[in-house]
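Asks: The two chains are supplied separately, each in an independent frame; assemble them into the complex guided by the hints.
Protein chains in written order, with my numbering: chain A, 1 to 322; chain B, 1 to 320.
Calculated from the structure, these hints are not laboratory results.
Some hints could be false.
To be verified - What the simulated footprint calls covered on chain B by chain A, stretch by stretch (three residues with Cβ under 8 Å from a Cβ of chain A suffice, anywhere in the stretch; the number is not a length):
1) 33-44
2) 61-69
3) 294-305
To be verified - The calculated lysine-lysine pairs, modelled on DSBU-like cross-linking and capped at a C-alpha distance of 35 Å, are:
4) Lys7(B) with Lys80(A)
5) Lys118(A) with Lys7(B)
6) Lys176(B) with Lys277(B)
7) Lys277(B) with Lys80(A)
8) Lys118(A) with Lys277(B)
Said to hold, decoys possible - Just a sample of chain A residues kept apart from chain B, beta carbon distances all over 12 Å, derived:
9) Tyr54
10) Arg71
11) Trp158
12) Asn167
13) Leu175
14) Trp185
15) Arg212
16) Leu214
17) Ala223
18) Glu228
19) Phe257
Please read all numbers here as calculations on a predicted model, not as lab measurements.
The beta-carbon is built from N, C-alpha and C at its ideal position, and this holds for glycine as well.
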Amino acid sequence: MTVVGPGVTSVAKAKPDNSQARAGWGLVAPALTLMALILLVPIIVAGVLSFTNYSLGNPGFDWVGVQNYERLFTRSTYQKMFVATFTYVITVVPISVGLGLGAALLVHSLGRIGDIYKTIYFLPVMATLLAMAIAWEFMLHPTIGMVNRTLELTCGTWFEALPFFANGCAEGFPLWLGDRDYAIWVVCFIGIWQGFGFNMVLFLAGLTSVHRELYHAAEMDGARSAWERFRLVTWPALGPTTVFVVTISCIRAFQVFDTIEAFWPQGGGPNKSAYVMMFAIFEKGIQQNLIGIGSAITMLFLLFVMFLTLIQRWLVERKVHY
Amino acid sequence: MTRDWWKHMVLILGAVIVLAPFYMMVSYSFKSPGEIDRGEGGFFGRQEMMIDPRCVALRQPDRADIEAARARFAGQDDASVQAHLLAETEADCSMRPVVFNYSKAFTEAPLIRYLLNGVIVTVSIFLIQIVVALPAAYALSKLKFWGRDAVFGLVLFCLLIPVHAIALPLYIGLAKLGLTNTYAALVVPWTISVFGIFLMRQFFMTVPDDLIDAARMDGMSELAIVWRVMLPTAIPALLAFAIFSVVAHWNDYFWPRIVVTGNRDLFTPPLGLREFKGDGDGSFFGPMMATATVIVTPLIVAFLLAQRRFIEGITLSGMK
Numbered sequence: 001m002t003v004v005g006p007g008v009t010s011v012a013k014a015k016p017d018n019s020q021a022r023a024g025w026g027l028v029a030p031a032l033t034l035m036a037l038i039l040l041v042p043i044i045v046a047g048v049l050s051f052t053n054y055s056l057g058n059p060g061f062d063w064v065g066v067q068n069y070e071r072l073f074t075r076s077t078y079q080k081m082f083v084a085t086f087t088y089v090i091t092v093v094p095i096s097v098g099l100g101l102g103a104a105l106l107v108h109s110l111g112r113i114g115d116i117y118k119t120i121y122f123l124p125v126m127a128t129l130l131a132m133a134i135a136w137e138f139m140l141h142p143t144i145g146m147v148n149r150t151l152e153l154t155c156g157t158w159f160e161a162l163p164f165f166a167n168g169c170a171e172g173f174p175l176w177l178g179d180r181d182y183a184i185w186v187v188c189f190i191g192i193w194q195g196f197g198f199n200m201v202l203f204l205a206g207l208t209s210v211h212r213e214l215y216h217a218a219e220m221d222g223a224r225s226a227w228e229r230f231r232l233v234t235w236p237a238l239g240p241t242t243v244f245v246v247t248i249s250c251i252r253a254f255q256v257f258d259t260i261e262a263f264w265p266q267g268g269g270p271n272k273s274a275y276v277m278m279f280a281i282f283e284k285g286i287q288q289n290l291i292g293i294g295s296a297i298t299m300l301f302l303l304f305v306m307f308l309t310l311i312q313r314w315l316v317e318r319k320v321h322y
Numbered sequence: 001m002t003r004d005w006w007k008h009m010v011l012i013l014g015a016v017i018v019l020a021p022f023y024m025m026v027s028y029s030f031k032s033p034g035e036i037d038r039g040e041g042g043f044f045g046r047q048e049m050m051i052d053p054r055c056v057a058l059r060q061p062d063r064a065d066i067e068a069a070r071a072r073f074a075g076q077d078d079a080s081v082q083a084h085l086l087a088e089t090e091a092d093c094s095m096r097p098v099v100f101n102y103s104k105a106f107t108e109a110p111l112i113r114y115l116l117n118g119v120i121v122t123v124s125i126f127l128i129q130i131v132v133a134l135p136a137a138y139a140l141s142k143l144k145f146w147g148r149d150a151v152f153g154l155v156l157f158c159l160l161i162p163v164h165a166i167a168l169p170l171y172i173g174l175a176k177l178g179l180t181n182t183y184a185a186l187v188v189p190w191t192i193s194v195f196g197i198f199l200m201r202q203f204f205m206t207v208p209d210d211l212i213d214a215a216r217m218d219g220m221s222e223l224a225i226v227w228r229v230m231l232p233t234a235i236p237a238l239l240a241f242a243i244f245s246v247v248a249h250w251n252d253y254f255w256p257r258i259v260v261t262g263n264r265d266l267f268t269p270p271l272g273l274r275e276f277k278g279d280g281d282g283s284f285f286g287p288m289m290a291t292a293t294v295i296v297t298p299l300i301v302a303f304l305l306a307q308r309r310f311i312e313g314i315t316l317s318g319m320k
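Extracted from the complex, chain B is given alone in its bound form (with noise of 0.2 Å):
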């Protein structure tokens, strides 16, 4: 134990660099733009009330408030009936920092809407993924029939066909399709995975013949062995690609960018929070980290609850 105390102090020193942003983010989450501006206030912040002034701008008492208070302070001035709206406004608008970024996060962008987004795609990605590739693994795996060493090597040389890197021969497909701006420009792309239909492959070279021969004898068909037979058969390996797929895409920015542009309502969250920077000023920083935490956190909590299975899944991706 003591010799190994160097080891400790060198990986110690690497988690605080690799914590450092993780820290700040959700720092800064918490934070009021003051503590922020002055870098004090410690993690948490002192969460003093604060007042937020983009609220009290909008709700600034004019001549018919002051009208209509009238009755309320009766005998007072025009000038003291708005000062004393004036200090009503802002104690409505007082909260604590840590409420003002959460809810100036969810409520300035809709951030549901993006969320929803996100799972949406990554679902449905996942999902037409499946159905793609479970039959033509189970086809290069376990049927024999002519051709299919040939099919076989066109999924290895696709493997090298980095999906990313043909972004705008794709992107101008879909504009020529006038299909820019909709869901399934978000889910195309991405529908044949031509990994997963390799790793279903190696992984259904393990399963024993006789097990299929069993549902041939039982009448079943061969697609119905697919579902039936290989898919129980195979949950490992799918929730393994199910967490590649899912983190790549709910992370994924590049694509987005690309073919949602202005529409607002098909934003996913990477796309929402880059909206949030851009019309930010500096006093924003607060609700823009808010963002980014609940963005981020979904993943890292799943992470960190079934770390075994993550890293396994996106390991898997390395063949990609």
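Chain A on its own, in the form it takes in the complex (with noise of 0.2 Å):
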């Protein structure tokens, strides 16, 4: 094959726009049918069936305009889901942005020796979280687990002397898992707990892209203190990864639900306290088989990240220049 007559060549420079298209459209074909297909089309159905009461199974389904959407914004479930959903969002993401950037900014200080840090903090993203979040289960159980354990140890010392722990040791630390006080924060607490190193890496990676010579500089300019260089240098440099890593953070606590599942089977909490849509979509739609008000959820769901997704290509275009 490796000796091609001048003939074919000039035939191939003949149309070569003709047989590019084909190739082209060819090659990509299979991907766009299957983007169509999978990614489209499903929103589409979401969309329509959005507004009927389909079920699984029934022969015929009725219109039922913006019922369900009107459900989603009245009954007190759906606000429990939003309240639930929001405050996952609103606690999990600042928080584990700030560890992320907090941990990479020690662990980058640090030099190799950090990298060990990095390795350990790192475990939780890769570590199933079904399986973390049955041992964080047995971690907070209120008689053998760990937690309480070792909350135990306190009594009779200073610790006494906060409230917490004086309430705690006449009358039993928390149920954790069982006190709609507490179940939603628990959640919280193992989503930063298995997503701050995740934010961390990414901010690392931006660290190393902040060039020595702006702190050089900004030594000059008389910025001494290490905060000084941070809020001058390194703060600025990190802002294309900071809008990135805040939008990551927001899309996966958008999408939380091994936790949710793994503690609470049946129905999102003590008193739904832990209700995210993530789970309102489970249970509608593919537990109850009420697709209608299933595919409202997804809608909503939908915008909310596409939102999100929308406004970070923004600000990334217009505060980054590479």
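Replies: And the structure:
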């Protein structure tokens, strides 16, 4: 095949556009088909079904207009869903981004010794979240769990001056997962525990691209303290990374599911205090076969996520000059 | 060094919290139920012989056993024969806690099968993703054709869609096709990785055109160029993508939970673990933690062996 006559080349040259176009479309066709079938059509389907009362297995369905959406905004269950979802997102995103940044700065400043911490903090990102959720469930077990056992060690020490410990020692420490005042916070804690190592690594990647000369220049200009250097050099340089990390953390936070289902297979926590959107889609749309309402939640969910991503792209395009 | 001590203090505190559940998971997988209940035994437990109550209950000597064993214990009454037999059963059923936990993990449920399913599903997803994404990425980066920009615009738009979020319509589609509870249901929604297309395209943009022109001069078809020229040059990017893809789908719980209901033969490792949790009572913490350890270990070990690659691969997923 190595010997090609001049005639062949000239034929190929004569209609390069045509043959490239055919090859091009041929090569993207499978991907394009799958993209349409798996990503685009389902969104349209969900959009249409969100205006119906369709159930799998039923022959027909009725158009119910915006009734599903109306329910989402009026019923107390869905109010709890929004409260739980936004509590989770608003708690987990800033803390996991903040801890990620803090850890990255510390690890970065330690040089090669810092790598051991990087490895450790990244472990939860790799571990199957369901398995770790179950491990946490045992950690938080009211009687045999490590957390309450450790807390009990504080009884009889000066810790008892604090109301939380005094109360715990007198009446027992919280049930954590069974208590509606604590449940969502425990889920948030695990979300942060699992995700901040990922953010740390992204920030570390951002930090390695900050030029050393910038620090020298800042020092020349009188930025002597570490804080000044951070404020004047590091933070602006990390701008694009931060926008990116915040967006992904938001999208991931919106999708929280594994921990909720592992802890409370029946219904999203004590008094629905941890009834997040992803669990709602699962419970309503799939377990209870209420596809109309499940589709409405799906549409809302997509709206949030797309909105976030578009904001991110806009910010990055506006603020970042590569 | 000395002025860094506070950094180490903070980071070590963080490390203790991060490692605590891992420590507990592995430690419980070694211990006997009693030690777990009382919180004794340090990390490995004391590893004293323990008796498996279920095993004894299953092999409780009945009348027939006593009749059969009468010859061996000549001249003794039934009660003492029974006591002897019970002692033998208990001896048969006793083992070290670590052996108990891990053997239960593998025998109580078909854990090997679940692990195999995990491998089948993650590997098929990755291979199909590559077969679909690589040609598309090549066409979008190196071929000039009418509509190319529109296709790439569509790719960028699809990057906005998290597949988990459209689980419900996908589930309806698969149910209509009668595909739920099949391997296909586990694999199909992930066959298209828009992110993979995007990543490969960015990578191919850096490949010099001369290389492709030379291949065309050699008479290679466009498809042959994709597999014989572009694929070998893209190995580093593919490896990063492979890590991302495998980690995501090995650990995925949401999608298998939806499309596999009841059919144990199709359970992926996280589903198997969940089932264990469903029917385990308090005394089953040990075997359950052993199962959890077994499904978490492959990726963690791979990660520890090739950290840089793994971190690169997972970090790329950030773009998704």
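Asks: Compare the structure with each hint and give your call.
Replies: Against the structure, the hints:
With 3 residues bearing a CB less than 8 Å from a CB of chain A, the region 33-44 of chain B meets the requirement of three and the coverage assertion stands. Taking a C-beta to C-beta cut-off of 8 Å, the region 61-69 of chain B contributes 0 residues in contact with chain A, too few for the three needed, and the coverage statement is violated. Only residues whose C-beta sits within less than 8 Å of a C-beta in chain A count toward coverage, and the region 294-305 of chain B has 6 of them, enough to reach three; the restraint holds. Only pairs whose Cα atoms come within 35 Å are accepted, and Lys7(B) paired with Lys80(A) is rejected, the gap being roughly 40 Å.
A threshold of 35 Å between alpha carbons decides the hint, and for Lys118(A) with Lys7(B) the separation of about 13 Å falls inside it, so the pair holds. About 31 Å separates the Cα atoms of Lys176(B) and Lys277(B), which keeps this hinted pair within 35 Å; it holds. Between Lys277(B) and Lys80(A) the CA atoms are separated by roughly 27 Å; this keeps the pair inside 35 Å, and the hint holds. Straight-line distance between C-alpha atoms of Lys118(A) and Lys277(B) comes to about 31 Å, which keeps the hinted pair within the 35 Å bound.
Interface exclusion of Tyr54(A) from chain B breaks down, the closest Cβ pair being 8 Å apart, not more than 12 Å. With a least CB separation of 16 Å from chain B, Arg71(A) remains clear of the 12 Å interface cut-off, as annotated. Even its closest Cβ contact with chain B, about 20 Å, leaves Trp158(A) beyond 12 Å, as expected for a residue assigned away from the interface. No beta-carbon of chain B is positioned within 12 Å of the beta-carbon of Asn167(A); the least distance is around 22 Å.
Against the 12 Å criterion, Leu175(A) stays outside the reach of chain B, whose nearest CB is about 16 Å from its own CB. The beta carbon of Trp185(A) sits about 15 Å from the closest Cβ of chain B, which is more than 12 Å, so the claim that it is off the interface holds. Distance to chain B confirms Arg212(A) as a non-interface residue, since its nearest Cβ pair spans about 19 Å, more than 12 Å. The beta carbon of Leu214(A) is kept farther than 12 Å from every beta carbon of chain B, the shortest such distance being approximately 22 Å.
Annotated as non-interface, Ala223(A) keeps its C-beta farther than 12 Å from every C-beta of chain B; the closest such distance is 19 Å. Distance check for Glu228(A) against chain B: the nearest CB is about 18 Å away, which clears 12 Å, and the non-interface claim stands. A cut-off of 12 Å between C-beta atoms contradicts the statement that Phe257(A) is not in contact with chain B; the least separation is 5 Å.
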